[in-house]
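Enquirer: Listed here are the chains, written in short residue letters.
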Amino acid sequence: MAINWFKYSAPTTFYGLAGKLIPWFAIPAAMLCVIALYIGFVVAPVDATQGQFYRIIYIHVPASIISMFLYLVMAGYAALGLIFNTRLSSMMASAVAPTGALFAFISLWTGALWGKPMWGAWWVWDARLTSELILLFLYLGFIALHAAIDDPRRADRAAALLAIVGSVNVPIIYFSVKWWNTLHQGSTIKYSGTSMHIAMQQAMFTMLVACWLYAIAVTLMRVRSIILERERHTKWIAQLAEVK
Amino acid sequence: MSLDIWMRENPLTYVWIGSYGVAFLVFAVEIAMVVHKRKITLQQVRLMREAEESEEI
Numbered sequence: 001m002a003i004n005w006f007k008y009s010a011p012t013t014f015y016g017l018a019g020k021l022i023p024w025f026a027i028p029a030a031m032l033c034v035i036a037l038y039i040g041f042v043v044a045p046v047d048a049t050q051g052q053f054y055r056i057i058y059i060h061v062p063a064s065i066i067s068m069f070l071y072l073v074m075a076g077y078a079a080l081g082l083i084f085n086t087r088l089s090s091m092m093a094s095a096v097a098p099t100g101a102l103f104a105f106i107s108l109w110t111g112a113l114w115g116k117p118m119w120g121a122w123w124v125w126d127a128r129l130t131s132e133l134i135l136l137f138l139y140l141g142f143i144a145l146h147a148a149i150d151d152p153r154r155a156d157r158a159a160a161l162l163a164i165v166g167s168v169n170v171p172i173i174y175f176s177v178k179w180w181n182t183l184h185q186g187s188t189i190k191y192s193g194t195s196m197h198i199a200m201q202q203a204m205f206t207m208l209v210a211c212w213l214y215a216i217a218v219t220l221m222r223v224r225s226i227i228l229e230r231e232r233h234t235k236w237i238a239q240l241a242e243v244k
Numbered sequence: 001m002s003l004d005i006w007m008r009e010n011p012l013t014y015v016w017i018g019s020y021g022v023a024f025l026v027f028a029v030e031i032a033m034v035v036h037k038r039k040i041t042l043q044q045v046r047l048m049r050e051a052e053e054s055e056e057i
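Those sequence lines, one after another, are chains F and D. Counting along the first sequence from 1, when you hit position 25 you're at 25 in my numbering, and nothing is skipped either side. Counting along the second sequence from 1, when you hit position 5 you're at 5 in my numbering, and nothing is skipped either side.
Honestly, the hints are just simulated from the structure, not real lab data. Computed from a prediction, not measured in an experiment: that's the story for all the values here. There may be inaccurate statements among the hints.
Some chain F residues close to chain D (C-beta under 7 Å, calculated; not the full set) [said to hold, decoys possible]:
| id | residue |
| --- | --- |
| 1 | Gly51 |
| 2 | Leu102 |
| 3 | Trp109 |
| 4 | Val218 |
| 5 | Ser225 |
| 6 | Leu228 |
| 7 | Glu229 |
| 8 | Arg232 |
| 9 | Ala238 |
These stretches of chain F come out as covered by chain D in the derived footprint (C-beta under 8 Å, 3 or more residues) [to be verified]:
| id | region |
| --- | --- |
| 10 | 58-72 |
| 11 | 113-119 |
We treat Cβ as the ideally placed atom computed from N, Cα and C, and that holds for glycine.
Kindly produce the complete structure, drawing on both the sequences and the hints.
Expert: And the structure:
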């Protein structure tokens, strides 16, 4: 049976689908978060050099990965909206931005809390930290630029350009620990293998999946409001049960 | 200096309150904002529809 995927690229059909999908992402996200915390704090051993402080890794690393990945998702949607003039793509880009900004903030915040006991400083102007801070500013810039322009279609186009240009920062964040001598450590998990304890890996990857599912759920919740707001003059919105 | 001593003596409390506490608070605020935004948007759309309908009458 062939599925017509393009059917869901219209706000009309996507609105209902998003509403149905939200619990399928939100409930597993909460469950996986609890499992990750249990493995991370009860099963995983104490680190030989960092003691208990290393346990920040279970939120710091997933938040950092998600913040970078969401930016690429946001830029991808923005580019689709700019090139093909698809309304839903631009709405999705707007919906992703606040969640991405919050993950970037959590990444920086938890990084500062980890840096203090390990490096003796909350903040250093290191390439990894600085490029992640720029990512947060890019998210905030996207949100501010979009909010500053009254016409939503013009706002979409202007913010899309910023998102696309800013996406160059993502590989800079990722490779910063290789390109420059940074205080921030390099990747612990590599293609060649890892020295991490298996329970630490399980907790980190479980939390990564939980954060990813959470990001999808909250983005779908937000995009439904954006669709409602922008399509409020259409007939199909007037026929919705929640509007009547 | 006192924070340095406290965090070394209570590393798990420091990790929990500082990182996980703040992260979960951020998530809770985000969810509350999204739910609030939906309520407000629905209210605005309903009011607009009602105004349009009363104009037609």
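Enquirer: Taking the earlier hints as the rules, which of them does this structure contradict?
Expert: none
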